[in-house]
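S.K.: So the sequence lines, in the order shown, correspond to chains A and B. Residues 1 to 261 (my numbering) are what the first sequence spells out, left to right. Residues 262 to 493 (my numbering) are what the second sequence spells out, left to right.
Please note that a few of the clues may not be correct.
Stated by the list, open to error - Keeping only pairs whose Cα atoms sit at most 30 Å apart, straight-line, the calculated DSS-like set for lysine-lysine is:
hint : chain 1 : residue 1 : chain 2 : residue 2
1    : B       : LYS324    : A       : LYS138
2    : A       : LYS199    : A       : LYS252
3    : B       : LYS391    : A       : LYS173
4    : A       : LYS123    : B       : LYS404
The set of hints was computed from the structure by calculation and includes no laboratory data. Here the structure is a predicted model, which is why all the values come from computation and not from measurement.
For reference, the chains in residue letters:
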Amino acid sequence: MAILEVKNLKKNFGELEVLKGIDFSIEKGDVMAVIGSSGNGKTTLLRCINFLETPDAGEIIVNGETLFDAEKKQSTSEENIRKKRLHFGLVFQNFNLFPQYTVLGNVMLAKELLEKERPDYRKNKKQIKAEIEAEAKKLLDDVGLSDKLDYYPHQLSGGQQQRVAIARALALKPDILCFDEPTSALDPELTAEVLKVIKSLAESKMTMIVVTHEMSFAKDVANKIIFMDEGKILEEGTPEDIFENPKNQRVKEFIGGIATI
Amino acid sequence: MIELSLMFQIDWLEVKEVLFSLNEGFIKSLEIFVLTLLGAVPLGLVIAFGSMSGIGIVRWFNKFLVWVIRGTPLMLQLLIIYYGPGIILGNNWWGSGATGRFIAAMIAFILNYACYFSEIYRGGIEGIPKGQYEAGEVLGMTKSQIFFKVVLLQVIKRIIPPMGNEIITLVKDTSLVRVIAVYELMWNGQDFIKSEGIIWPMFFTGIYYLLFSGLLTLFLGWLEKKMDYFKV
Ligand SMILES: Nc1ncnc2c1ncn2[C@@H]1O[C@H](COP(=O)(O)OP(=O)(O)OP(=O)(O)O)[C@@H](O)[C@H]1O
Ligand SMILES: [Mg+2]
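One chain only, chain A, in its complex shape:
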């Protein structure tokens, strides 16, 4: 069964149709790269999946459970939306770390707030906190930042900040982790260290959707690629399909254009 199915997803901003019916599905452990030129709705797609925007039409189904169906009346209670959101994680282009928390604090905050709602929180407070902290430290170790636990975001490089952001998203154990151009605010050296982390997540079978302009990364790490153009998926397939034998003319031009740069 697909871990995520997106059906006929549409989103308008006023008159502007940004998503014109997006369909795809991914399996557990898939890494799907979303490519395409600027302004084609890639970010909007991720935002819809993460419930930062409400789609105008379509369905979002996770593990067979319909989280969103534009046809049906949605429960808009905060409680409900939060539950749905927790299936997903989102890593932003510009990190959006919380500046007043340390690296460790950034990774722990949301999980701590969530665990506070456990009925046994008061009783086992110490133990729960210790678990959250141990988990956060392990995640930070995985992204290579175990020596920066007490740093504040402004004391880190962009690449380090982005790795904290990845650990922060992982702390909530999302089913699907989404990245919106995670390296486009970074220079090449820092890009490499972030891509390395994403690659190691792929190796550990984390399900991911990565919007990216890094074609070599898409080629290496993704097992599925969708090419978006003007709010539609123009072509989808394996990296070989897209990079070696693109069928669509636009895709050919895009890939060719990049190859010649």
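Based on these hints, arrange chain B with the ligands on the given structure of chain A.
M.R.: Frame of chain A; chain B with the ligands shown alone:
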């Protein structure tokens, strides 16, 4: 030699009388200062949220209020609030006593400063990048958790310097209440010009203001420093 020492003879009785009077005036000024802050800090928040409200009429009412209050002198507001009811409505709410004058002064001050504070708060809140809220949302935090755990401290850090400026201004603005005969520090200092023909108490009031605003400046600087550990 003797004459010279006579010339500089300090009249300790007079000094005592002056200091007593200035202290009394200073207490009044301090009361105005503290009560204005106590009232205007929370009321400013209400006005700030009002002027960011999604409900058009609420937003426009608050924006209009802020425009009027910030666009006219505080002294004018004091006069209108104190004399207005009696002259326009033919009913002087404030009575003729010192208490009524003080209450009228406090209303004018709290309203005035709340409007200034509201603009500072609004700037502080609107200056927080949308990404901070969205990062909280995708991490499954509730709106109130995002406000209290993520946004609030950043807003506080941002507003300390402009709030500091307003608060220092307030120290000096307290002297305006004299236009409706609330006997604060400067009134009491000036009184000695008329009654005793001496000017030094007037200068001396300046020292009170300087010491007070100096202490506040130190405190605000300390607060800013406390928040230096992170950048927004
Ligand atoms: N909140 C919004 N209101 C109005 N228009 C929007 C909004 N968000 C995005 N758009 C518009 O939707 C279109 C798609 O934007 P989107 O950010 O999804 O593109 P993108 O593919 O991510 O582009 P890029 O590669 O530059 O990041 C753009 O024309 C953009 O101006
Ligand atoms: Mg984008």
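S.K.: Determine for every hint whether it applies to the structure shown.
M.R.: Hints versus structure:
{"no.": "1", "hint": "LYS324(B) x LYS138(A)", "in the structure": "50 Å, violated"}
{"no.": "2", "hint": "LYS199(A) x LYS252(A)", "in the structure": "26 Å, holds"}
{"no.": "3", "hint": "LYS391(B) x LYS173(A)", "in the structure": "24 Å, holds"}
{"no.": "4", "hint": "LYS123(A) x LYS404(B)", "in the structure": "26 Å, holds"}
In terms of the numbered hints stated before, the structure departs from hint 1 and from no other.
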